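**Student:** Sequence:
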Amino acid sequence: MIKIGICDDMAEEVRKQKAMVQRIAEKLGKNMEIHVFEEGEELLQEIQVYGHMDILLLDIEMEGKNGVEIAKSIRRTDFQTVLIFISAYDQYCKELIGVQPFAFLDKPVTERALETVLKKVLRVKFSENDRFLFSYQKHRYSVPLHQIMYFESIGRKIRIHCAMEQYDFNGKLNAVEQEISKSGTKFARIQVSYYVNLNYIKEWNYDCIMIDDGTEISISKRYRKMMRQYYMGMLERN
Numbered sequence: 009m010i011k012i013g014i015c016d017d018m019a020e021e022v023r024k025q026k027a028m029v030q031r032i033a034e035k036l037g038k039n040m041e042i043h044v045f046e047e048g049e050e051l052l053q054e055i056q057v058y059g060h061m062d063i064l065l066l067d068i069e070m071e072g073k074n075g076v077e078i079a080k081s082i083r084r085t086d087f088q089t090v091l092i093f094i095s096a097y098d099q100y101c102k103e104l105i106g107v108q109p110f111a112f113l114d115k116p117v118t119e120r121a122l123e124t125v126l127k128k129v130l131r132v133k134f135s136e137n138d139r140f141l142f143s144y145q146k147h148r149y150s151v152p153l154h155q156i157m158y159f160e161s162i163g164r165k166i167r168i169h170c171a172m173e174q175y176d177f178n179g180k181l182n183a184v185e186q187e188i189s190k191s192g193t194k195f196a197r198i199q200v201s202y203y204v205n206l207n208y209i210k211e212w213n214y215d216c217i218m219i220d221d222g223t224e225i226s227i228s229k230r231y232r233k234m235m236r237q238y239y240m241g242m243l244e245r246n
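Under the working numbering, the first residue of the sequence shown is numbered 9, with each subsequent residue one higher.
Rather than coming from a laboratory, the hints here were simulated on the basis of the structure.
All values reported here derive from a predicted model rather than from experimental measurement.
Any given hint could be a false lead.
In silico lysine-lysine, DSS-like type, Cα no more than 30 Å apart, as pairs [what the hints assert, rightly or not]: (1) K133 - K233; (2) K190 - K24; (3) K146 - K26; (4) K128 - K229; (5) K80 - K146; (6) K128 - K190; (7) K146 - K35; (8) K115 - K35; (9) K127 - K165; (10) K24 - K146; (11) K229 - K24; (12) K233 - K190; (13) K210 - K35; (14) K146 - K115; (15) K190 - K210; (16) K210 - K128; (17) K128 - K146.
Simulated DEER-style distance windows between Cβ atoms [to be verified]: (18) Y231 - K80: 16 to 26 Å; (19) R84 - A171: 39 to 49 Å; (20) D215 - T85: 28 to 38 Å; (21) E71 - E185: 22 to 32 Å.
C-beta: ideal position from N, C-alpha, C; glycine also.
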C-alpha cells in the first residue's frame with residue numbers, strides 16, 4: 009500500500025486533489041491510502057504518531073507553517089518521502105533545493121500534470137519494491153507483482169500465472185489477497201479461485217473477463233458489482 013498525503017490550507021483544493029489522486033490510482037491500478045490535511049502542524053503530528061508518508065503533495069503558501077518549514081521538519085528525520093511541491097509562485101525554488109523535492113506543480117493543479125508526476129514517481133521509486141515472496145520445495149522465490157497476471161487456487165496449491173512462466177506454491181488465496189492488499193499494485197478477486205492483476209485485463213464483460221494471454225475467466229455473482237465499479241472507473245479516465 010502506497011501512503012500518500014495531501015496538505016493544503018484550502019479545503020476545496022484538498023478535496024479536488026484527493027479526488028484526482030483516487031482517479032489516477034484506479035487508472036494505474038495502484039493501491040493508495042490517501043490522507044488529507046489542512047494544516048501543516050496536523051500533518052507533522054500525524055507523521056509523529058503514525059509514521060512518514062511515501063508521497064506528499066505539499067502546498068507552499070499556507071497559514072501557520074508553510075510548505076518550506078514543513079519540508080525542513082520532515083527532512084530532519086526522513087529522507088525517503090517523495091516531496092511534490094505545489095505553488096502559484098516560484099520564489100521558493102532556491103530555498104527548497106535543500107529538502108530534495110521530486111517535482112514542482114503549478115497551482116491550480118491539473119489532473120494531467122499530476123498523473124504525469126505520479127507515474128514518474130511510481131516508476132522511479134516503487135516499481136521494484138512490489139514483489140511477491142514465497143517458498144516451494146525448499147526454494148525461495150521473489151516475483152515482481154507487475155509481472156504477475158493472476159493467481160489461481162488449485163486445491164491446496166496456488167499457481168502464479170506470468171506472461172512467460174508459471175510458479176506453484178502451497179497456500180491459500182485469502183492469505184495472498186491479504187498480503188498483496190498492502191502493496192501498491194491493484195489486484196481484484198473475481199471469484200473464489202482467481203485473484204487478477206487489473207493491468208492485464210484485456211476485455212471486460214458483465215460475467216467474465218479476458219486476460220492479455222487469451223485466458224477467459226468468469227466473474228462470480230458475488231464480485232460482479234465490484235468489478236463493474238473498477239471497469240467504470242477505468243473507462244471514465246481513458
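**Student:** Now look at each hint and say whether the structure bears it out.
**Tutor:** Hint-by-hint comparison with the structure:
For the suggested pair K133 and K233, the alpha carbons sit about 33 Å apart, so the restraint of at most 30 Å is broken. This hinted pair checks out: K190 and K24 have alpha carbons roughly 25 Å apart, not beyond 30 Å. For the hint linking K146 to K26, the alpha-carbon distance of about 45 Å lies beyond 30 Å, and the restraint is violated. Proposed proximity of K128 and K229 is contradicted: the alpha carbons are some 37 Å apart, above 30 Å.
The suggested pairing of K80 with K146 is violated, with an alpha-carbon distance near 47 Å, which exceeds 30 Å. In summary, the hint linking K128 to K190 is supported, as the alpha carbons are separated by about 21 Å, within the 30 Å threshold. For the hint pairing K146 with K35, the CA-to-CA distance comes to about 38 Å; that exceeds 30 Å, so the pair is violated. This hinted pair checks out: K115 and K35 have alpha carbons roughly 23 Å apart, not beyond 30 Å.
Pair hint K127 plus K165 does not hold up; C-alpha atoms about 35 Å apart against a cutoff of 30 Å. The straight-line distance between the Cα atoms of K24 and K146 is roughly 50 Å, outside the 30 Å bound, and the hint therefore fails. Of the supplied pair hints, the one linking K229 and K24 is violated, its CA atoms being roughly 34 Å apart against a limit of 30 Å. Proposed proximity of K233 and K190 is supported: the alpha carbons are some 23 Å apart, at most 30 Å.
Taking the CA atoms of K210 and K35, the gap is about 14 Å. The hint holds against a cut of 30 Å. Distance hint between K146 and K115 is unfulfilled; the C-alpha atoms sit about 54 Å from each other, more than 30 Å. A hinted pair counts as satisfied when its Cα atoms are at most 30 Å apart, and K190 with K210 qualifies at roughly 25 Å. Restraint check for K210 and K128: satisfied, since their Cα atoms lie roughly 24 Å apart, inside the 30 Å limit.
For the hint linking K128 to K146, the alpha-carbon distance of about 37 Å lies beyond 30 Å, and the restraint is violated. The beta-carbon spacing between Y231 and K80, approximately 47 Å, falls outside the hinted interval of 16 to 26 Å. At about 44 Å, the beta-carbon gap between R84 and A171 stays in the expected band of 39 to 49 Å. As the Cβ distance of D215 to T85 is approximately 51 Å, the hint placing it in 28 to 38 Å is violated.
Take E71 and E185: their Cβ atoms lie about 43 Å apart, and the range 22 to 32 Å is violated.
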